[in-house]
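Novice: Now for the letters of each chain:
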Amino acid sequence: MIPNQTTLPKKTGKVKFFTTLSMLLIIIVVSAIITDVDIWQLLTNLGQAGYILEQMSHPDWSYVSVVLGPLVETIRMAILGTAFGAILAFPFSLYVARNMESSKAVSGVLRFINNIIRTIPELLLAAVFVAVFGIGPFAGIIALAIFSFGMVTKLFFESIETIDEGPIEALKSSGANRLEIMRFGVIPQVISYYWNFVLFAFEINIRASTVLGYIGAGGIGIFLSRALKQVRYDRVAVIILIIFVVVLAIDYVSNKVREKLS
Amino acid sequence: MTLPKPPKGNRAKTIITILVVLAIFVWAFAGISFNGIKVTAWQTVQSIVEGFTHPDWGYVWTGEGEDLISLLVETLAIAILGTIMSSLLSIPFGFWAARSRGQRKIVSSSGKFVSSAIRTFPDIILALLFIKMVGPGSFAGILALGVGAIGMLAKFYSESIEAMDHGPSESVVAAGGNKGKVLFFATLPQLVPEFLSYTLYRFEIAVRYATILGLVGAGGIGTPLIFALNARAWDRVGIILLGIIVMVTVIDIISGKLRQRLV
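Chains as they are written, first to last, in my numbering: chain A, 1 to 262; chain B, 1 to 263.
Simulated from the structure, these hints should not be mistaken for laboratory data. All figures in this text were calculated on a predicted structure; none of them were measured in a lab. Some hints could be false.
In silico negatives: residues of chain B with every beta carbon more than 10 Å from chain A [what the hints assert, rightly or not]:
#, residue
1, 55
2, 89
3, 95
4, 104
5, 106
6, 108
7, 139
8, 178
9, 179
10, 183
11, 254
12, 259
13, 261
Distance condition first, Cα-Cα at most 30 Å in a straight line; then the derived DSSO-like pairs of lysine-lysine [unchecked claim]:
#, chain 1, residue 1, chain 2, residue 2
14, A, 256, B, 155
15, B, 105, A, 256
16, B, 257, A, 14
17, B, 155, B, 181
18, B, 132, A, 229
19, B, 112, A, 260
20, B, 13, A, 256
21, A, 256, B, 112
22, B, 179, A, 14
23, A, 16, B, 179
24, B, 13, A, 260
25, A, 104, B, 257
26, B, 181, B, 105
27, A, 154, A, 256
28, A, 16, B, 257
29, B, 112, B, 13
30, A, 16, B, 181
31, A, 14, B, 181
32, B, 155, A, 154
33, A, 154, B, 257
34, A, 260, B, 105
35, A, 260, B, 155
The C-beta atom is built at its ideal place from N, Cα and C for all residues, glycine as well.
Work out the full structure, taking the sequences as your base and the hints as a guide.
Specialist: And the structure:
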């Protein structure tokens, strides 16, 4: 946005406006045809929606004790996945950042691999790893680790690229080697960013890990899938509420830690 | 320019932090059972590599509508409609959550609470609920994306409404413009580019989500992927993942260029 804008914004040409609008309309209509959008179906099924919501409004509180164990497993998965991904991301980012005098070719290839990793959603990774390692939390942890690795690396190496070069030059001129430059010139400048990104990845991983179980990758999701299959919406409601509370609590804790860090 | 001070005095604090982090880590590690890992994992990895290096090119286009390209187009269509739906739904939510002059704080904070509550919800759970309502298929996916994105878009929208410059609207009022004129000549010209930029950003995320909706039966490329995974057809898994990577990358590039032109 332009601050203190005193002139009225320029009018866009009518022709351009209407071509854009009609293109958008065509895209919408074509997409609606491809995906068989049926508003009528939604309206006729409103009764079903009402039934589901009605059932969900009487949560089966006794189910809480059943899902508490898997819930803890979910949190553990998110912690381990984030930790493994973040530990790997640290040296990796230091290597691929453009101002770190690494081999251009190697870091280019590594950045390309990282870009590819980041295009694949967590749940897809988890689905693949379930097929490889079998049903259980291990597949989920690996998927979360790879996802966190991709995300933390991307954010972290970009912030390394924006650091102040002064300390590095000072260290260089006093004869420091590469490791010493990293330790005293680079890391002190970026370490707080790193923890921030790790916390951010952890928040996303908590959300993601709650549904990983649905495809067999461990945690509370398997109970969600079970309750939905048994058409026990009172139990579905309990699981959703618990996920909601946990996500809010983790976000709160992580914000507190973040305030401490800065 | 000074070198960062060497840590002094807070060494005890550092040690305690490290111990706490380690304790959490050990606690997490101890509770996971690694029994379920298949002994055949290594062979599986070998066949995956085999399949990925020889993708099933025949699946790219068969002309029957059940091939890679048709399903990627369907995935894209789900993401487009979901994003458009959520951008329309988010406008009222955005204005609700935005703190504006001469308004009680309770209004905007309740709006902020609702949008953050929606944000907490994993989209997949929404998809599962919509499948129960409208049956499996793309439509459930669109509805899930459309409702799920409100949380994020409403937050962005309300932030740009709060940051809006009041100069232009005051000028319109000073020149004798009514509320409609203020909206069309002062408010909208400022907000529309920002809203569009955020919507495009959300579209990039929606494309990624749309690829996984099929895993739970909400249409798109995820459906054949889960079938191929269950059938251990690694050459097909390979070509589908390749297709997803290419599509997401292309969309990111196009959308990034569009966003640069907007702002």
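Novice: Next, verify each hint and record whether it holds.
Specialist: Here's how the hints hold up against the structure:
1. Distance check on residue 55(B): its Cβ is at least 14 Å (rounded) from any Cβ of chain A, clearing the 10 Å threshold; non-interface status holds.
2. No Cβ of chain A comes within 10 Å of the Cβ of residue 89(B); the nearest lies about 14 Å off, and the non-interface call holds.
3. Chain A leaves residue 95(B) outside its interface by the beta-carbon criterion, the shortest separation being 17 Å against a cut-off of 10 Å.
4. Even its closest Cβ contact with chain A, about 24 Å, leaves residue 104(B) beyond 10 Å, as expected for a residue assigned away from the interface.
5. No beta-carbon of chain A is positioned within 10 Å of the beta-carbon of residue 106(B); the least distance is around 20 Å.
6. At roughly 19 Å from the closest C-beta of chain A, the C-beta of residue 108(B) stays outside 10 Å, upholding its exclusion from the interface.
7. Against chain A, the non-interface label of residue 139(B) is violated: not every CB pair exceeds 10 Å, the least being about 6 Å.
8. With a closest Cβ-Cβ approach of about 16 Å to chain A, residue 178(B) is found to remain outside the 10 Å limit, as its non-interface label requires.
9. For residue 179(B), the non-interface assignment is confirmed: its Cβ lies about 17 Å from the closest Cβ of chain A, beyond the 10 Å cut-off.
10. For residue 183(B), the non-interface assignment is confirmed: its Cβ lies about 13 Å from the closest Cβ of chain A, beyond the 10 Å cut-off.
11. With a least beta-carbon separation of about 13 Å from chain A, residue 254(B) lies farther than 10 Å from that chain, consistent with its non-interface assignment.
12. Every C-beta of chain A lies more than 10 Å from that of residue 259(B), the closest at about 14 Å, which supports listing it as non-interface.
13. Annotated as non-interface, residue 261(B) keeps its C-beta farther than 10 Å from every C-beta of chain A; the closest such distance is 12 Å.
14. Between the alpha carbons of residue 256(A) and residue 155(B) the distance comes to roughly 21 Å, so the proposed pair stays at or under 30 Å and holds.
15. Note on residue 105(B) and residue 256(A): the hinted pairing holds, with a Cα-Cα distance of about 24 Å set against a maximum of 30 Å.
16. Proximity of residue 257(B) to residue 14(A) is assessed by CA-CA distance (about 23 Å); at most 30 Å being required, the pair is judged to hold.
17. Of the pairs offered as hints, the one joining residue 155(B) and residue 181(B) holds, with about 26 Å between alpha carbons and a cut-off of 30 Å not exceeded.
18. A C-alpha spacing of about 10 Å is found between residue 132(B) and residue 229(A), which places the hinted pair at or below 30 Å, so the restraint holds.
19. Our distance criterion of 30 Å between C-alpha atoms is met by residue 112(B) and residue 260(A), whose separation comes to about 24 Å.
20. Annotation: proposed proximity of residue 13(B) to residue 256(A) holds, straight-line Cα distance about 17 Å (limit 30 Å).
21. Between residue 256(A) and residue 112(B), the direct Cα distance comes to roughly 19 Å. Compliance with the 30 Å bound is thereby established for this hinted pair.
22. As the CA atoms of residue 179(B) and residue 14(A) are separated by approximately 23 Å, the hinted pair is consistent with the 30 Å bound.
23. Taking the CA atoms of residue 16(A) and residue 179(B), the gap is near 26 Å; set against the 30 Å cutoff, the hint holds.
24. Using a Cα cut-off of 30 Å, the hinted pair residue 13(B) and residue 260(A) holds, with the two alpha carbons roughly 13 Å apart.
25. Restraint check for residue 104(A) and residue 257(B): the C-alpha separation of about 26 Å stays at or below 30 Å, so the hint holds.
26. Proximity of residue 181(B) to residue 105(B) is assessed by CA-CA distance (about 27 Å); at most 30 Å being required, the pair is judged to hold.
27. The hinted pair formed by residue 154(A) and residue 256(A) meets the criterion: a straight-line CA distance of about 24 Å does not exceed 30 Å.
28. Proximity of residue 16(A) to residue 257(B) is assessed by CA-CA distance (about 18 Å); at most 30 Å being required, the pair is judged to hold.
29. Distance check on the hinted pair: residue 112(B) and residue 13(B) sit about 36 Å apart at the alpha-carbon level, beyond 30 Å; violated.
30. The hinted pair formed by residue 16(A) and residue 181(B) meets the criterion: a straight-line CA distance of about 22 Å does not exceed 30 Å.
31. Proposed proximity of residue 14(A) and residue 181(B) is supported: the alpha carbons are some 18 Å apart, at most 30 Å.
32. With a C-alpha separation of about 24 Å, the suggested pair residue 155(B) and residue 154(A) falls inside the 30 Å cut-off, and the hint holds.
33. Between residue 154(A) and residue 257(B) the alpha-carbon distance is near 19 Å, which keeps this suggested pair within the 30 Å criterion.
34. Between residue 260(A) and residue 105(B) the alpha-carbon distance is near 28 Å, which keeps this suggested pair within the 30 Å criterion.
35. Simply put, residue 260(A) and residue 155(B) have alpha-carbon atoms about 25 Å apart, close enough for the 30 Å limit, and the pair holds.
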